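J.: For reference, the chains in residue letters:
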Amino acid sequence: MPQYVALTYTADVDWSSPEQAAELDEYLAFGAAAAAVIRGGAALYPTSTATTVRVRDGKGGDVVASDGPYAETKEVLTGFYLLECADLDEAIAVSAGLPAAWNGAVEVRPVIEM
Amino acid sequence: MSDSATPAHAALVRLVRDEGTRVLATLIRVTGSVQLAEDCVQDATIRALETWPRDGVPDVPPAWLTTTARRRAIDIIRRERLRTGKEVAAVEWLGPDDPMSAVAPPDDVVADDLLRLVFTCCHPALALEAQVALSLRTLCGLTTAEVARALLVPEATMTKRLTRAKQKIAQAHIPYRVPSAHDLPDRVSGVAGCVYLLFNEGYAATAGADPVRADLVDEAVRLGRLLVQLMPDEPALLGLLALMLLHDSRRAARTDPACDLVLLADQDRSRWDREHIREGVLLVGEGLRRTPSTPDPYVVQAAIAACHGLAPSVAGTDWPAVVSWYDVLLSVQDTPVVRLNRAVAIGERDGPAAGLAAVNEVPGLERYPLWHASRAELLWRLDRGAEAAAAWRTALAGETNAPTRRHLERRLAGCVDAAADLG
Numbered sequence: 001m002p003q004y005v006a007l008t009y010t011a012d013v014d015w016s017s018p019e020q021a022a023e024l025d026e027y028l029a030f031g032a033a034a035a036a037v038i039r040g041g042a043a044l045y046p047t048s049t050a051t052t053v054r055v056r057d058g059k060g061g062d063v064v065a066s067d068g069p070y071a072e073t074k075e076v077l078t079g080f081y082l083l084e085c086a087d088l089d090e091a092i093a094v095s096a097g098l099p100a101a102w103n104g105a106v107e108v109r110p111v112i113e114m
Numbered sequence: 001m002s003d004s005a006t007p008a009h010a011a012l013v014r015l016v017r018d019e020g021t022r023v024l025a026t027l028i029r030v031t032g033s034v035q036l037a038e039d040c041v042q043d044a045t046i047r048a049l050e051t052w053p054r055d056g057v058p059d060v061p062p063a064w065l066t067t068t069a070r071r072r073a074i075d076i077i078r079r080e081r082l083r084t085g086k087e088v089a090a091v092e093w094l095g096p097d098d099p100m101s102a103v104a105p106p107d108d109v110v111a112d113d114l115l116r117l118v119f120t121c122c123h124p125a126l127a128l129e130a131q132v133a134l135s136l137r138t139l140c141g142l143t144t145a146e147v148a149r150a151l152l153v154p155e156a157t158m159t160k161r162l163t164r165a166k167q168k169i170a171q172a173h174i175p176y177r178v179p180s181a182h183d184l185p186d187r188v189s190g191v192a193g194c195v196y197l198l199f200n201e202g203y204a205a206t207a208g209a210d211p212v213r214a215d216l217v218d219e220a221v222r223l224g225r226l227l228v229q230l231m232p233d234e235p236a237l238l239g240l241l242a243l244m245l246l247h248d249s250r251r252a253a254r255t256d257p258a259c260d261l262v263l264l265a266d267q268d269r270s271r272w273d274r275e276h277i278r279e280g281v282l283l284v285g286e287g288l289r290r291t292p293s294t295p296d297p298y299v300v301q302a303a304i305a306a307c308h309g310l311a312p313s314v315a316g317t318d319w320p321a322v323v324s325w326y327d328v329l330l331s332v333q334d335t336p337v338v339r340l341n342r343a344v345a346i347g348e349r350d351g352p353a354a355g356l357a358a359v360n361e362v363p364g365l366e367r368y369p370l371w372h373a374s375r376a377e378l379l380w381r382l383d384r385g386a387e388a389a390a391a392w393r394t395a396l397a398g399e400t401n402a403p404t405r406r407h408l409e410r411r412l413a414g415c416v417d418a419a420a421d422l423g
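Chains as they are written, first to last, in this note's numbering: chain A, 1 to 114; chain B, 1 to 423.
No lab work stands behind these hints, which were simulated from the structure alone. Since we're looking at a predicted model, the values are computed, not measured. All C-beta atoms in this analysis are idealised placements derived from N, C-alpha and C, irrespective of residue type, glycine included. Wrong hints could be hidden among the right ones.
Not the full set, but computed from the structure, chain B residues with beta-carbon under 10 Å of chain A [to be verified]:
no.: 1; residue: His-123
no.: 2; residue: Leu-128
no.: 3; residue: Glu-129
no.: 4; residue: Pro-175
no.: 5; residue: Tyr-176
no.: 6; residue: Pro-185
no.: 7; residue: Arg-225
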């Protein structure tokens with residue numbers, strides 16, 4: 001069966017702060033409801049913790065680690081799920097249950113089978 | 001006359017193209033791959049056009065095409081399996097191997113497959129322009145070059161667009177399936193939107209030299225007919241086909257010999273296609289009968305078009321009915337342009353003063369040239385020539401297509417001439 005990642009894009013959020021408890025509960029409820037198709041995933045610390053890594057001058061060159069996310073955008077990657085669904089329609093239907101779908105957006109991408 | 005120019009050959013090409021579409025729909029289901037199915041059907045149609053003129057048309061052309069295309073698919077799949085050592089796709093649909101004696105898949109199977117193909121091509125996860133291109137390629141059976149020509153896009157660009165769409169269908173697993181009852185209304189309206197976009201691209205061409213592109217209109221009407229055949233109880237599709245037929249009934253009267261658009265009011269109504277109007281009116285009735293509670297916007301728009309189609313003249317139009325239909329349309333599609341059209345109809349029903357008041361009341365169209373043009377017409381009829389000229393100038397300052405622009409220029413010139421005569 002095909003697998004998809006559902007990437008959640010919303011305003012930056014610190015899941016570890018107590019203020020986020022209510023929203024976190026919504027995600028937990030989603031997790032329980034969609035347990036049959038969820039194969040993995042994670043919530044991420046806010047982008048203030050992000051480090052962007054590049055190697056200068058090609059493979060083997062200097063490693064340059066810089067503070068911040070890859071792209072500065074209003075809505076940022078806050079988490080992801082790995083889903084196993086029958087087809088894209090099911091993946092869309094499941095993703096529509098993610099709070100990020102109404103608080104921001106969910107990007108659904110098919111996973112390459114290796 | 002060469003072979004390829006005879007009517008018989010043209011009919012053969014048409015037959016192969018029509019049957020090819022049906023065969024394609026089935027083969028996509030059987031192989032699970034749009035690309036593979038397309039390659040195989042193309043192969044089969046080429047062979048048909050090579051051999052049928054020589055050996056005669058087989059008794060059951062779709063059976064011949066299906067069997068030939070399926071054989072080709074089996075070949076390719078076997079070769080792929082040898083190359084990769086992987087099971088690729090199962091060709092479970094097995095029929096007799098001799099294409100001359102093969103039976104066609106039953107009509108209901110073909111219809112189901114075509115329906116699946118419709119919903120795959122018009123899947124909302126595909127960009128609208130890709131949906132239109134895919135529909136022309138698979139449902140209308142146009143070649144990629146023909147699709148590119150139809151949509152005025154370079155062939156290389158179109159090849160890329162179609163390839164990308166087919167890749168997404170395969171890689172993201174866009175299903176080949178009729179949506180569930182719950183999703184069906186939304187998805188049907190998506191399909192209708194795709195076909196209507198195609199129709200409008202032909203009916204009110206925004207690109208190219210001609211104001212009307214008959215080839216696109218014909219393909220859209222063909223698709224509309226196919227959809228009604230496949231889903232005879234969907235009001236949106238009945239309304240869509242009715243609307244397209246009623247608009248297209250005016251084709252011969254809509255342009256003058258110089259290829260300029262002729263306004264509805266100035267058209268020679270004896271040149272309207274009565275058969276199209278009759279069919280469109282019947283379809284409006286069918287659509288209304290199948291409308292449960294909320295009216296469908298296509299059916300209502302078709303009802304308005306039917307009022308015009310049945311009218312002997314502008315003066316003889318049932319304007320109270322037109323205004324009422326616009327009221328209904330506003331209840332489901334409240335847009336400034338619908339409000340403007342309703343206001344213009346009020347002008348016809350109640351006179352230019354009432355019309356002007358109604359047009360002035362429509363908010364948010366200051367930058368819409370046709371709002372200014374509508375005001376200009378009404379001001380002109382109220383003998384307020386100077387204000388009319390100013391409104392036409394404002395309309396001309398906005399962005400319009402070439403035929404509309406020429407029409408506005410003519411109106412403005414007439415208005416200025418009349419003022420000169422008076423002075």
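J.: Going through the earlier hints one by one, which of them does the structure break, listed in rising order?
T.: 2, 3, 6 and 7
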